[in-house]
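Q: Just so you know, the sequences run in chain order L and S.
Mapping the first sequence onto this note's numbering, position 38 (from 1) lands on 69, and the numbers just tick up by one.
Mapping the second sequence onto this note's numbering, position 36 (from 1) lands on 292, and the numbers just tick up by one.
Any given hint might turn out to be false.
SDA-like mimics (lysine to any residue), calculated; alpha carbons at most 20 Å apart, straight line [as the list claims (entries may be wrong)]:
#, chain 1, residue 1, chain 2, residue 2
1, L, K54, S, L383
2, S, K281, S, K313
3, S, K313, L, D253
4, S, K310, L, F251
5, S, K281, S, L345
6, S, K310, L, L191
7, S, K461, L, L256
8, S, K313, L, P122
9, S, K281, L, N190
10, S, K310, L, D253
11, S, K461, L, V255
12, L, K54, S, K281
13, S, K313, L, P124
14, S, K461, L, P122
15, S, K461, L, P124
16, S, K310, L, K54
17, S, K365, L, A62
18, S, K365, L, T254
19, S, K313, L, L191
To be clear, the hints were calculated from the coordinates, so they are not data collected in a lab.
All figures in this text were calculated on a predicted structure; none of them were measured in a lab.
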Amino acid sequence: MSLFLRQSLTIAGKDLRAEWRTKEALNASLAFSMVILVLFSFALDPNPEMMQEFSGGLLWLVFLFAGALVLNRSFAREMQNDCLDALLASPVPPAALFIGKALANYALLMTLELVCLAEFGILFNVRWLANVGPLMIVMAVGTWALTVVGTLFSALTVNLRLREVMLPVLVYPMMVPPMMAAMILTTDLLAGTALGPGNMLWIRVLVGFDLVFTLLGVSFVDTVLVG
Amino acid sequence: MNALEIDGVWKYFGDFPALRDIGFKVTAGSVVALLGRNGAGKTTLLRILAGLAKPSKGSVRIYGSEVREEPTRRRIGVLGHGISLYDELTATENLVLFGRLYGIDDPAKRAHQWLERTGLDRVRDGLVREFSRGMRQRLAVARTFIHDPELLLFDEPFTSLDDRAIAVLQSLVIEAQQRGCTIVMSTHQLREAIELSTHVALIRKGQLAYSGERRQEMLDDPGWLYRTFEEEGPS
């Protein structure tokens, strides 16, 4: 295994272990997502026709809102005891630090999303298991978009006093293209439409966004953290 | 050989110049006491030396290389104001983590050795958040030394340490000095710093007021440096 990957996995493992011990980000985001879904189920009449229209949008909005709680903790965790200084002073390349953080965030976001998806199916009577394979692919690619943008902006806002507010303010506008793609694809899949040439454009948007922002994150994290 | 070459370093925070044209060289094996009043710029300079901040102007070279280069960072040990340890991890997990990040062979074995050395062996599996302040500080010292650094950067190393942690750190500093390590430490504890040091650098309002070898006058009267190169004594 390359040194870069080993260092990234060490950082990711450390973050996941710390989160497993405290569960602060996961518990808060799970509780928040459940509350939103329950409120939506009261606010909207979940009849099958309407659900076909807004299921993807609703689901990804919940992922986005609850995901911000996970992403906020990512670099904020390093501020306690000045741990970020020790990481930056170590010989770990900033890109490995970024990828490690992103991998941990990705694992947490995917866990959160799978729980939300199950709850969404129950509350809104949506049969998502019918197209589960393609749906997982869309979730995996869409979540990586949220992860890389969120991790980069989490690093950017780590020294701000109002970082909890600033992170969503910065991340949500950036997430418009991938969220649009993920929402349209998810709505299609939940309505029973398979992935094919008709919606391949949106898959390309998602994959392209993932690649561009992963490269940007890896290239600029050192500038963001050290100046 | 120069361990450290600081050349015309300026650091601005907005319009405010926290460091103004700082420049001096430190030969390998020296112990430098970085002195100055609160707000003089000692921590800013140490952060630049550690690669935690970039100078606005000027350059810093460590053993002839750029600070942010990975092999250079492998040679540096930093003990700052914070302990830089994770509260949610155990003492062993913290040291193994940093051992892995520094690419040490068998980090678990090295962690065990350092836990014994700092008297923390019996709490090796305890979470850092459950540690007393003194225990956390000793663990921070172990983290700083775990990869056998050649250049040690200490920011107020003795401040808020308990007696046992001071004893551990003093013995390690002396041992590192004998091993040929270069040490730069900022401190307000004049007498201890001057006794340990071979060189002294005094920063006044972001500028280098004095840089050179430790003189006999400093040993006889630690306040001499401030009286001679500062308008007032240290705060």
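Q: Hint check: K281/S vs L345/S, CA-CA at most 20 Å. Holds or violated?
A: The given pair, whose Cα atoms are some 39 Å apart, is violated under the 20 Å limit.
Q: Going straight from one Cα to the other, do K365/S and A62/L come out at no more than 20 Å?
A: Roughly 41 Å separates the two Cα atoms, so the pair is violated.
Q: For the pair we were handed, K461/S and P122/L, check the Cα-Cα distance against 20 Å.
A: violated, 32 Å
Q: Within a Cα-Cα threshold of 20 Å, do K313/S and P122/L meet the stated pairing?
A: violated, 24 Å
Q: Is K313/S close enough to D253/L, meaning Cα to Cα at most 20 Å?
A: At roughly 18 Å apart (the allowed maximum being 20 Å), D253/L and K313/S satisfy the hint.
Q: Measure nothing beyond the straight line between the CA atoms of K310/S and D253/L; if it is 20 Å or shorter, mark the hint as holding.
A: Holds, at about 11 Å.
Q: Does N190/L sit within 20 Å of K281/S, going by the straight-line distance between their CA atoms?
A: violated, 32 Å
Q: Given the proposed pairing of K310/S with L191/L, does the C-alpha separation stay at or below 20 Å?
A: holds, 19 Å
Q: Does K461/S pair with L256/L here, judged by a C-alpha cut-off of 20 Å?
A: violated, 26 Å
Q: Are K313/S and L191/L close enough, with their CA atoms no more than 20 Å apart?
A: violated, 25 Å
Q: Would the hint linking K365/S and T254/L be met if the CA-CA limit is 20 Å?
A: Judged against 20 Å, a Cα distance of about 35 Å means the pair is violated.
Q: Under the criterion that the straight-line Cα-Cα distance not exceed 20 Å, is the pair K310/S, F251/L satisfied?
A: Satisfied, since the Cα-Cα distance of roughly 15 Å is no more than 20 Å.
The earlier numbered hints that this structure contradicts are 5, 7, 8, 9, 11, 12, 13, 14, 15, 16, 17, 18 and 19.
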